[in-house]
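Chain order of the listed sequences is A and B. Residue 238 in the UniProt record's numbering sits at position 238 of the first sequence, with consecutive numbering throughout. Residue 479 in the UniProt record's numbering sits at position 479 of the second sequence, with consecutive numbering throughout.
What the hints contain is simulated information worked out from the structure, not anything from laboratory work. Possibly wrong hints are sitting among the right ones.
[Unchecked claim] Keeping only pairs whose Cα atoms sit at most 25 Å apart, straight-line, the calculated PhoX-like set for lysine-lysine is:
| # | chain 1 | residue 1 | chain 2 | residue 2 |
| --- | --- | --- | --- | --- |
| 1 | B | 330 | B | 351 |
| 2 | B | 78 | A | 416 |
| 3 | A | 417 | B | 545 |
| 4 | A | 127 | B | 456 |
| 5 | A | 417 | B | 171 |
| 6 | A | 22 | B | 330 |
| 7 | B | 400 | B | 366 |
| 8 | A | 22 | B | 78 |
| 9 | B | 394 | A | 26 |
| 10 | B | 330 | B | 460 |
| 11 | A | 53 | B | 78 |
| 12 | B | 119 | A | 416 |
| 13 | A | 74 | A | 22 |
| 14 | A | 26 | A | 85 |
| 15 | A | 354 | B | 15 |
| 16 | B | 577 | A | 53 |
| 17 | B | 15 | A | 22 |
| 18 | B | 330 | A | 416 |
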Amino acid sequence: MEHIVIIGNGIAGITAARHIRKLSDKKITIISAETEYFFSRTALMYVYMGHMKWNHLEPYESWFWEKNRLDLKKGFVEKIDTETKTLFFKEGDTLRYDKLVLATGSTTNTFGWEGLDLKGVLGLVSKQDLESLEQYAPNNLECPRAVIVGGGLIGVELAEMLRTRNIEVTFLVREKGFWTGVLPNPEAEMISRHIQSHGVDLRHETNLDKILGDADGNVRAVVTKEGEEIPCSIVGITTGVKPNIAFLQDSKIETDKGVLVNRNLETNIPGIFAIGDCAQQREPIGYRPAVEAVWYTGRMMGEVLAQTLCGNNMEYNPGHWFNSAKFFDIEYQTYGWVHSKRKLKDHEAQFHWKCESDQRCVTISFHKDTNVFLGINTFGIRMRHEVIDRWLTEKRSIDYVIEHLKEANFDPEFYKKYEPEICSAYTNQQTITA
Amino acid sequence: MSTIQRDMSLTGDPKSINTQQKIASALGLTGFAILMAALFNVNFPNKTLWLTISLVAMGTGIVWFARAAYVHKHAGIKNDGVYFKSISSRGLWAYLIGIALTLFYVALYWFPQYLGVVKDGDNTGVVALFDPLSKFLSGNPASQWFLYGTLYTLAILSFGIKFIYKYRHNKYEIIRTISVMFFQLSLAFIIPEILVRLNQPYYDFKNIWPLNYELFAGYKIDEFLSAGDVGLIMLIFGILSIFVITPILTYKYGKRWYCSWVCGCGGLAETAGDPFRHLSDKSQAAWKIERWVVHSVVVFVTVMTTAVVFSYLKGNESQQISEWSQLENKVIFMSDAEGKPIGERILAAQKAGAKGVVFINEDPTKQPPNIEATEGITIDYAIVSESENAQALKNIENGKGAVLLNDYPNGPNFSIAEKQETVFYDNLWLSKDVFIWFVIILLTLVFGWVMLFKRKELAKDATYGAIGYFVVVISILLFTYFSSPGKLFFFDAYQLRKTYGFVIGAMFSGVIGVGFYPIFGSRVWCRFGCPMAAILGFQQRLFSKFRITTNGGQCISCGNCSTYCEMGIDVRAYAQKGENIVRSSCVGCGICSAVCPRGVLKLENDGMNGRIDSNEILLGNDVNLMDLVNRK
Ligand SMILES: Cc1cc2nc3c(=O)[nH]c(=O)nc-3n(C[C@H](O)[C@H](O)[C@H](O)COP(=O)(O)OP(=O)(O)OC[C@H]3O[C@@H](n4cnc5c(N)ncnc54)[C@H](O)[C@@H]3O)c2cc1C
Ligand code: SF4
Ligand code: SF4
């Protein structure tokens, strides 16, 4: 029986395993050094905030694995010998595979600052990170102030977490508004205001220079490039993530930022595949980044790869882009492409609407010349994935989208509807180009 | 900016409470202390005043506490620290409160004397403290149930306001909560008391059979029938409620219209029980137990109620009169000429101590029946025509005296003194045979419809369970009918009702249902025990427009929805498959949708087609792959 070994029990690896099991009877082994069972990395924050306990993060009960004959192995793969198809574990043992799937996810991306090895400098990616956070920032007596470096989705989650324990947060962001690398400016500015309203000391256009420690090797303060010293007990590094592939260095598997794969998700070595956060497309697909580090793409790659491994050769050919997040109380959804000012395409125009409450806004992007609908960002209003996806496929015009926007509304019943307001704003608009 | 929350004296962690909350707690506890003092027989001089102080202090304490907890914060999900606080994470406080509540229920159901209920005398203790309010509403002194009802209502109202503060960003939650508060205050609390004041039967219009398992008990039917038109309307409303109103509303809106908008049990669970909602067991094992237990309760309540009504109808047949019928000094009226000879019935009534017997001949065109086998009859009896004596009969029913003309021209007239006690037999339009066939046919129709049209929507074990239960119930009913139509039901109806009342009504819905809130979560009763919820759920699963729609591929499997589902539904298991949630137990509280950080869930009523959409490959992936795999 063919033995498929998957390194990484995250969403990508587990989805692949589940689908392979549905389609075949192959022997499947899933390896992870992090946890025994699959858990939702996306929900790490809720454990620290006390919304959930660790076991709530596990989407399947423990009997699931045995019932579906998915062998779980805890251990860290140190080395891969692709000639003999053998994995070597840090713990000393080895494992043979017939086909290998790399689904090793990401680690925190850092920029070689001084003081990174001090106690209390942490990222927020793994279970171990969560445990360190609990250790170094259990409350605001032990940790009166934290500094977070890097304004992205994980940074804002970390800020929200720390604020639930009333820890003062100074949040260093390189850009002029929050996440302006991705969001159009009016949205970024609204989110900045919202983050500040939660008592976060948000510093735009501020860069980390170095981290200072005390005699015991604990974090004492950070110094910014602008020359200010900010005392703090922990430093959260949230300047993005990078593929977790250091252990592949000496192997024959070709890597760049991530593990290089073709559209079949196969590496340069036949029979070895990479999916999820650790995979890098040789040719980016459409506007998608070559390394797509989001939950959904990890899942989709897993779904596709399972087909290939079970004899139904399939390319990774994702549909329309979508994503979502939450900034403290404001939910965000995006479908298609709405580019930030920096990345704006030549043909792209945007219509922007913001609610008076400063808690809601919508940006719709469309083709300047043809008026074709290209994408939508919504904040504080839920949208129906299926409807927007259909409009994108049908290449509807922006006028059509605005007129029918209420069909795409997914807010709970009785919620105030903002479509009339959006519609009249559109009619009276001057087009803003972000 | 970072000073915004400094004014609240928050320290350390999300467990701590601020100064205002401390004062509010003290106020609430003061109100509670008054009740405790009364319980231990402190005799308050001015009960009205002290009761008011107590209730107002508790209510204000709770509302103030909630205000201080939420108002200064942003509107949004407020679950910080839920799993750190002792009370909401099965810590010491949870157990203490659980034990206290359980003791309260035990006293309420079985030892009301400790609360101050005195048989044939004035109330003492804490029940006495409630006398002024009870007298104000119904004119009667309080009972332990009045005390319970008052505190229950106070809890729904004050914790309801807390809930509204907590979910003030969510209009669905606000409106739903106002609805349960309204129904509790008016239909459950005030109106029944006022009905009693007006000498009408006590009736909570929203308490529908089978949740209200006593609705069709003999004493209740007698109460309705003796209350004239109002009583009749109530009885008819009770029947319409379950057979007409409920199916229509459940079809349109799902069972949520009842379970989380109207029902009192649901009302308490959603308000006072809200801090415990996440404690429900989400394991698959719990789900299996749930399905067996709750459907067994439905079977139990159906059999029990059928038995009770059956025996009530039988008790109305003059043929069934026996020497144990307890008819001392009563005048008996009967009108059924079929079956056992009338003479024998008169004799039986005589043995039971009756004073006289009147046979009413209902059909004026018919000859009055001959009474044979009159040997041994010593009491007076007569055959009278209904049409000739219409006015006299009416007078008798109203307790006045009258003289009835004998149908036989030479027979003696029958005179009845004022205030003579009377018993009417054969006066119901429904016979026990018609009734039992009605039940059998109804159950068969429902069962047949499910098996013919909905079978593919049932899991295998559910099908077997349904067949099993159907066979058992129908055989009990048929056995009763054919083997001994004259005798009592297969089970003794009275005993059955008592057992049900004890095991289900008291133990399950009260002691375990509410007493164990802090341990098992707030909806244990609704999930494992409530037959109403099971019936509504059965319809919701198979024949309703309601579903929770899953938003394409947006789920990140975070688990908030499953954790905060009070019914223990593993919502995530569906959402991460892109499948809509169509579960019989879902009460439509809307919390899963509220806590979802990615906007994945929406409660809605829509067409029946494609209500359950299970996808192997979720939206967002290769269109061809989705087509290939999802088209089964
Ligand atoms: C805090 C946080 C919040 C997020 N929120 C969102 C969100 O809201 N939406 C969204 O779309 N995405 C979100 N993401 C991103 C998303 O979680 C990731 O894209 C996704 O988890 C990647 O899944 P994966 O299966 O590729 O890898 P992972 O989940 O990272 O799993 C890889 C596993 O492999 C193990 N492993 C790696 N190397 C080895 C080795 N050599 N030997 C043994 N085991 C090894 C790792 O320990 C790890 O357990 C979030 C990420 C974080 C950290
Ligand atoms: S599934 Fe959602 S709406 Fe239904 S009971 Fe659970 S939390 Fe409430
Ligand atoms: S539906 Fe929402 S709350 Fe539930 S697991 Fe998915 S993302 Fe989380």
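Okay, the hints, checked on the actual structure:
no.: 1; hint: B:330 <-> B:351; result: 12 Å, holds
no.: 2; hint: B:78 <-> A:416; result: 21 Å, holds
no.: 3; hint: A:417 <-> B:545; result: 23 Å, holds
no.: 4; hint: A:127 <-> B:456; result: 43 Å, violated
no.: 5; hint: A:417 <-> B:171; result: 12 Å, holds
no.: 6; hint: A:22 <-> B:330; result: 77 Å, violated
no.: 7; hint: B:400 <-> B:366; result: 28 Å, violated
no.: 8; hint: A:22 <-> B:78; result: 39 Å, violated
no.: 9; hint: B:394 <-> A:26; result: 85 Å, violated
no.: 10; hint: B:330 <-> B:460; result: 58 Å, violated
no.: 11; hint: A:53 <-> B:78; result: 16 Å, holds
no.: 12; hint: B:119 <-> A:416; result: 56 Å, violated
no.: 13; hint: A:74 <-> A:22; result: 23 Å, holds
no.: 14; hint: A:26 <-> A:85; result: 17 Å, holds
no.: 15; hint: A:354 <-> B:15; result: 36 Å, violated
no.: 16; hint: B:577 <-> A:53; result: 23 Å, holds
no.: 17; hint: B:15 <-> A:22; result: 45 Å, violated
no.: 18; hint: B:330 <-> A:416; result: 67 Å, violated
Figure legend: structure checked against the earlier numbered hints; hints not met, in rising order: 4, 6, 7, 8, 9, 10, 12, 15, 17, 18.
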